[in-house]
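A.B. asks: Let the sequences and hints guide you as you build the complete structure.
Read top to bottom, the protein sequences are chains Z and Y. 1 is the number of the first residue of the first sequence in the UniProt record's numbering; add one for each residue after it. 1 is the number of the first residue of the second sequence in the UniProt record's numbering; add one for each residue after it.
Since the hints were made in silico from the structure, they are not lab data. Ideal Cβ positions, reconstructed from N, Cα and C, are used throughout, including at glycine. Warning: the hint list may mix true and false statements.
[What the hints assert, rightly or not] Taking CB as the label site, the calculated pair distances span:
#, chain 1, residue 1, chain 2, residue 2, range
1, Z, 4, Y, 272, 47 to 55 angstroms
2, Y, 197, Z, 78, 21 to 29 angstroms
3, Y, 268, Z, 61, 39 to 47 angstroms
4, Z, 126, Y, 144, 31 to 39 angstroms
5, Y, 4, Z, 78, 48 to 56 angstroms
6, Y, 106, Z, 164, 36 to 44 angstroms
7, Y, 268, Z, 77, 38 to 46 angstroms
8, Z, 67, Y, 273, 44 to 52 angstroms
9, Y, 101, Z, 204, 46 to 54 angstroms
10, Y, 144, Z, 164, 30 to 38 angstroms
11, Z, 184, Y, 20, 55 to 63 angstroms
[Said to hold, decoys possible] When the alpha-carbon atoms are kept at most 27 angstroms apart in a straight line, the in silico BS3-like pairs for lysine-lysine are as follows:
#, chain 1, residue 1, chain 2, residue 2
12, Z, 131, Y, 168
13, Z, 131, Z, 99
14, Y, 58, Y, 168
15, Z, 99, Z, 126
16, Z, 126, Y, 58
Now for the letters of each chain:
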Amino acid sequence: MTTTVLDVEVPARAPFSTVLRRSQELSIIDLGGNQAVDFLCYDAADTAKRYSAAATVAAQHNIFLTTGSVLRTGEGTPLVTVVADTCGRHDTLGGACSKESNSLRYGQHTRFQHACADNFLIEGSKWGLGKRDLVSNVNWYMNVPVEADGTLGIVDGLSAPGLEVRLRAETDVLVLVSNCPQINNPCNGFDPTPVRMVVTEPERAA
Amino acid sequence: MSTTATTYGARDHARAQAGTVVDTMPTIPATGAPAPPGVDPAALTWAETVAGGGYTHKVLARGTRLRLTDLEGDACAHLLLFNAEGPWERLNVADTVKVQWNAYLGESVALLSDQARVLATVVADTSGRHDALCGTSTVDHNTERYGDGAPEGPSPAGMPLFTLAAAKNGLGPRDLPPSLSFFQGVRVDAEGGLEFTGAAGAGASVDLRIELPVVVLLANTAHPLDPREDYTVSPLRVLAWRDRPTTPDSPEWTHTPEAQRAFENTADYLTARGLA
Chain Z
1 MTTTVLDVEV PARAPFSTVL RRSQELSIID LGGNQAVDFL CYDAADTAKR
51 YSAAATVAAQ HNIFLTTGSV LRTGEGTPLV TVVADTCGRH DTLGGACSKE
101 SNSLRYGQHT RFQHACADNF LIEGSKWGLG KRDLVSNVNW YMNVPVEADG
151 TLGIVDGLSA PGLEVRLRAE TDVLVLVSNC PQINNPCNGF DPTPVRMVVT
201 EPERAA
Chain Y
1 MSTTATTYGA RDHARAQAGT VVDTMPTIPA TGAPAPPGVD PAALTWAETV
51 AGGGYTHKVL ARGTRLRLTD LEGDACAHLL LFNAEGPWER LNVADTVKVQ
101 WNAYLGESVA LLSDQARVLA TVVADTSGRH DALCGTSTVD HNTERYGDGA
151 PEGPSPAGMP LFTLAAAKNG LGPRDLPPSL SFFQGVRVDA EGGLEFTGAA
201 GAGASVDLRI ELPVVVLLAN TAHPLDPRED YTVSPLRVLA WRDRPTTPDS
251 PEWTHTPEAQ RAFENTADYL TARGLA
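C.D. replies: See the structure below:
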């Protein structure tokens, strides 16, 4: 029997954070479909050890995440493992939207729209984290392919309502989430929607 | 009695070593180094050859041209950039590839900060073998691959070299984001798989134009996807000289609409700051 220790809905555009104890599992459920879920994680005992997109893709020789992928620190240490995935493709390259990068991608008129970098900053501040702690992040349910000539872009997602990705903590980890508020590209189908977060505790061996 | 048994002898022995020249060392002042054709030797500000497994760092002025050269064909220049005026602004690899719609580094690519400004621009490239996705190597990775990853060991990893270079600029491990690497290529296949494509050969070079005052960190260490059994990395030549920043009439300024907005943001910042 597993025990559910947390079951919350994160509203559209909102941040979220929690600490997963080692071996606990976090399910991220895409309720509305095509919702990008920006995600960072840190070793809870030493937040200087944090997710590294570069170390993660280099170790698995692939830019996409799916079942079996291990999210690693900059030192190569496992933080979480993807143990189940009904979507099948998640992004490691695009990083978070920010008010600043929106100004480049879409124009200065987007400068004051909601953005993931601000979500990460405000939620991270609750844990003593600042701007220096924000690095290239995972985007669950976001589809960022690279063409043969290097062209890279956020395209329509492969997700749908009810799809789920489940992560197992390999050590105690702090999880920082921005339920992406982006409305200028297809990462959310131009329509940010809520996601559900479920943390479960597996049965301990006697 | 040996010649170094007294303080006088030891002092003479030490001083007699001055002027020794080796292949991998800085030239100080840089104006004493050979200048590239067309460059006034008096404009040189940095001339150094970094050994394989070595690192270096420098604060460079806006308008500097920084040339990296893979002397023997096995260099791998891992690079990080910070705004020297406020190092909380730093290279953002995700924005660099996402905003400009391209995963590969090459001529006219702007190296973007997390504040939507241009830290440096790639203005020349005879290599075409670079990587913005895999970052640098870790102690654990090099220990597993080569038996050692320590900075002073036979096969230094990139992370501890960056950590040392960062520390000497008042920055800590939390300040190190994913890095870029030049001279060892990686390509992405249709399934997202990463393919190591190696170097372009001896003599390839990349020129960066520095757009803001920057802290430059460089680690010359084997690429994490390098499949060769032996730790293989050869000397990296670093040369910088006073030149000019990118201006609205430069092709890089209008290379993409996104780059143009980034250059405009940079100019806006510099104007307010009294730097341009």
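A.B. asks: To test your reading of the hints: which numbers does this structure violate?
C.D. replies: 16
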